[in-house]
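Given the coordinates of chain S, work out where chain F should sit on it, guided by the hints.
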Amino acid sequence: QEKVQQSPESLIVPEGAMSSLNCTFSNSASQSIWWYQQHPGKGPEALISIFSNGNKKEGRLTVYLNRASLHVSLHIRDSQPSDSAVYLCAVGGGSALGRLHFGAGTQLIVIP
Amino acid sequence: GGIITQTPKFLIGQEGQKLTLKCQQNFNHDTMYWYRQDSGKGLRLIYYSITENDLQKGDLSEGYDASREKKSSFSLTVTSAQKNEMAVFLCASSPSGNSDYTFGSGTRLLVI
Chain S
3 QEKVQQSPES LIVPEGAMSS LNCTFSNSAS QSIWWYQQHP GKGPEALISI
53 FSNGNKKEGR LTVYLNRASL HVSLHIRDSQ PSDSAVYLCA VGGGSALGRL
103 HFGAGTQLIV IP
Chain F
42 GGIITQTPKF LIGQEGQKLT LKCQQNFNHD TMYWYRQDSG KGLRLIYYSI
92 TENDLQKGDL SEGYDASREK KSSFSLTVTS AQKNEMAVFL CASSPSGNSD
142 YTFGSGTRLL VI
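Line order of the protein sequences matches chains S and F. For the first sequence, the residue numbers in this note's numbering are 3 to 114. For the second sequence, the residue numbers in this note's numbering are 42 to 153.
Mixed in with the good hints there might be a few duds.
Said to hold, decoys possible - Below 20 Å or equal to it, Euclidean Cα-Cα: the simulated SDA-like pairs (lysine to any residue) are:
#1 F:Lys63 with F:Ile91
#2 F:Lys50 with S:Asp85
#3 S:Lys44 with F:Thr46
#4 F:Lys82 with S:Ala48
#5 F:Lys82 with S:Thr64
#6 S:Lys44 with F:Leu151
#7 F:Lys50 with F:Thr118
The hints are simulated quantities; they were obtained by calculation from the structure and are not laboratory data.
With the rest of the complex left out, here is chain S:
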């Protein structure tokens, strides 16, 4: 079964700083990596996904995937207080097509 671990558990950054979140997974054949954002009392919302080795940039978000080291990172440039939320890493492509395995999350707090 796919194992997904996230670090750090919590991260506090000042407004305008870069936030860097990490995720490791256990299966190099995993087909997709997703990052979700979850605000208190809400369901997770998909932020960005990556399917192949390398990096992908969307707005203030950049994702780096290294399949050889089983590592993916999410970087949020110019962090804003509204970015404060739990960020979930999810890995898909195992035995059940489409099924995602989730990490425990990183709590990000951006201080004004």
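Relative to the frame of chain S, chain F by itself:
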């Protein structure tokens, strides 16, 4: 745009009680999922369904039943609520074979 609705938003039950959670989506998605979210742990898959009347057990199916009588709805039953149990149950849907999930806002369960 579509929406995925979970009812009720909050559920307080008594030990040993059978409790039912409901989920409706209007995306016309084939696949639906029930996840459990506990503080400090990743989302754990309870049941999923790839089409109407199909049911597949996840990693945490013991103590739960599920039902998919229509493509648009997926219900979850806690067969015997455990005292002091507290968790959020999240429903999600996705197109067939696709990991692009849309989540509901969750049902928060407390058992007294």
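Proposed proximity, Leu151 of chain F with Lys44 of chain S (alpha carbon, max 20 Å): holds (17 Å)
Please verify whether Lys50 of chain F and Thr118 of chain F have alpha carbons no more than 20 Å apart. It holds: about 15 Å lies between the C-alpha atoms, which stays within 20 Å.
What's the verdict on Lys82 of chain F and Ala48 of chain S, does the C-alpha distance respect the 20 Å limit or exceed it? holds (19 Å)
Taken at face value, is the distance from the CA of Ile91 of chain F to the CA of Lys63 of chain F at most 20 Å? Between Lys63 of chain F and Ile91 of chain F the Cα gap is close to 17 Å, so the pair holds against 20 Å.
Checking one constraint from the list: CA of Lys50 of chain F to CA of Asp85 of chain S, max 20 Å. Satisfied? Not satisfied, since the Cα-Cα distance of roughly 24 Å exceeds 20 Å.
Lys44 of chain S and Thr46 of chain F were given as a pair; does the straight-line alpha-carbon distance stay at or below 20 Å? holds (12 Å)
Does the structure keep Lys82 of chain F and Thr64 of chain S at a Cα separation of 20 Å or less? violated (25 Å)
In the structure shown, a violation is registered for the earlier hints numbered 2 and 5, in ascending order.
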